[in-house]
Amino acid sequence: EDKVVQSPLSLVVHEGDTVTLNCSYEVTNFRSLLWYKQEKKAPTFLFMLTSSGIEKKSGRLSSILDKKELFSILNITATQTGDSAVYLCAVTTGNQFYFGTGTSLTVIP
Amino acid sequence: EPEVTQTPSHQVTQMGQEVILRCVPISNHLYFYWYRQILGQKVEFLVSFYNNEISEKSEIFDDQFSVERPDGSNFTLKIRSTKLEDSAMYFCASSAYRGSYNEQFFGPGTRLTVL
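So the sequence lines, in the order shown, correspond to chains A and B.
With this note's numbering as the guide, the letters of the first sequence map in order to residues 1 to 109.
With this note's numbering as the guide, the letters of the second sequence map in order to residues 110 to 224.
Do not rely on the hints blindly, as some may be mistaken.
DEER-style ranges, computed between Cβ atoms [claimed, not checked]:
1. Gln123/B with Ser104/A: 29 to 35 Å
2. Gly125/B with Val5/A: 49 to 55 Å
3. Thr81/A with Leu148/B: 21 to 27 Å
4. Leu9/A with Val133/B: 33 to 39 Å
Pairs of lysine-lysine residues, derived as BS3-like cross-links and limited to a Cα-Cα distance of at most 30 Å, are as follows [to be verified]:
5. Lys3/A with Lys166/B
6. Lys41/A with Lys57/A
7. Lys3/A with Lys68/A
8. Lys3/A with Lys187/B
9. Lys192/B with Lys57/A
10. Lys187/B with Lys67/A
11. Lys192/B with Lys67/A
12. Lys166/B with Lys67/A
13. Lys37/A with Lys67/A
14. Lys41/A with Lys56/A
15. Lys151/B with Lys192/B
16. Lys151/B with Lys68/A
17. Lys68/A with Lys40/A
18. Lys187/B with Lys151/B
19. Lys192/B with Lys68/A
No wet-lab data here; the hints were simulated from the structure.
We put the beta carbon where it would ideally sit given N, CA and C, even for glycine.
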């Protein structure tokens, strides 16, 4: 049974568009939710969210967590071709980590 | 900027052979992790390691797998009697504090191909 579900599975947008990626989860003993960007190889860390309702922001990227409804969103504004990647959501419980299958984002010039 | 390194970048082995994948975590980090990603599938947690012992392991991490920190810098994943389905990208990660509350830094991965 999938513990972390991401949607959409893939997305194609034009440069300048704004995108919203979704991550829903169902785990016991939730500790935090993490977003990663995976280009060719290793995931690189974007955000870690532990509290509901507090937006984390880094440049054009932002993310927020809703622990009541068990989901998080990742927003990317004014997308650029360099944003093309797979975006992974992961949930931790203690030292266990559960990843979603990712959302593949393609930004067309 | 400090980074996690992994060797080799690509390992090809015959089914039934043993392989050792090596990782050098960031030097002041205390928590270490192995993940795998089968081509086209999700990243899967294998094991976490702290203070020279396993903290947590997933169902995937059975007796075929073992981890070790043989010295102050290396962190290894040993896979005994490899199977075709062990073919995957294996990522090592490290964090300064317990992973639930701290960023993990991933290495570039080792692609394991079992023939």
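Hint check:
Hint check: Gln123/B to Ser104/A, Cβ distance near 33 Å, so the stated range 29 to 35 Å holds. For the pair Gly125/B and Val5/A, the supplied restraint of 49 to 55 Å is violated, since their beta-carbon distance comes to about 37 Å. Checked against the given bound of 21 to 27 Å, the beta carbons of Thr81/A and Leu148/B, roughly 24 Å apart, stay inside it. Between Leu9/A and Val133/B the beta carbons are some 35 Å apart, a value that agrees with the proposed interval 33 to 39 Å.
Our distance criterion of 30 Å between C-alpha atoms is met by Lys3/A and Lys166/B, whose separation comes to about 17 Å. Taking the CA atoms of Lys41/A and Lys57/A, the gap is near 24 Å; set against the 30 Å cutoff, the hint holds. For the suggested pair Lys3/A and Lys68/A, the alpha carbons sit about 16 Å apart, so the restraint of at most 30 Å is met. Of the pairs offered as hints, the one joining Lys3/A and Lys187/B holds, with about 28 Å between alpha carbons and a cut-off of 30 Å not exceeded.
This hinted pair does not check out: Lys192/B and Lys57/A have alpha carbons roughly 43 Å apart, beyond 30 Å. About 38 Å separates the Cα atoms of Lys187/B and Lys67/A, which puts this hinted pair outside 30 Å; it is violated. For the hint pairing Lys192/B with Lys67/A, the CA-to-CA distance comes to about 40 Å; that exceeds 30 Å, so the pair is violated. The suggested pairing of Lys166/B with Lys67/A holds, with an alpha-carbon distance near 25 Å, which does not exceed 30 Å.
At most 30 Å may separate the alpha-carbon atoms for a hinted pair to count; Lys37/A and Lys67/A meet this at roughly 22 Å. At roughly 25 Å between alpha-carbon atoms, Lys41/A and Lys56/A fall within 30 Å of each other, so this suggested pair holds. Using a Cα cut-off of 30 Å, the hinted pair Lys151/B and Lys192/B holds, with the two alpha carbons roughly 19 Å apart. With a C-alpha separation of about 25 Å, the suggested pairing of Lys151/B with Lys68/A holds against the 30 Å cut-off.
Pair hint Lys68/A plus Lys40/A does not hold up; C-alpha atoms about 34 Å apart against a cutoff of 30 Å. Taken as a hint, the Lys187/B and Lys151/B pair is honoured in the structure, with Cα atoms around 21 Å apart against an allowance of 30 Å. For the suggested pair Lys192/B and Lys68/A, the alpha carbons sit about 42 Å apart, so the restraint of at most 30 Å is broken.
Violated hints, listed in ascending order, are 2, 9, 10, 11, 17 and 19; each of the other numbered hints is respected by the structure.
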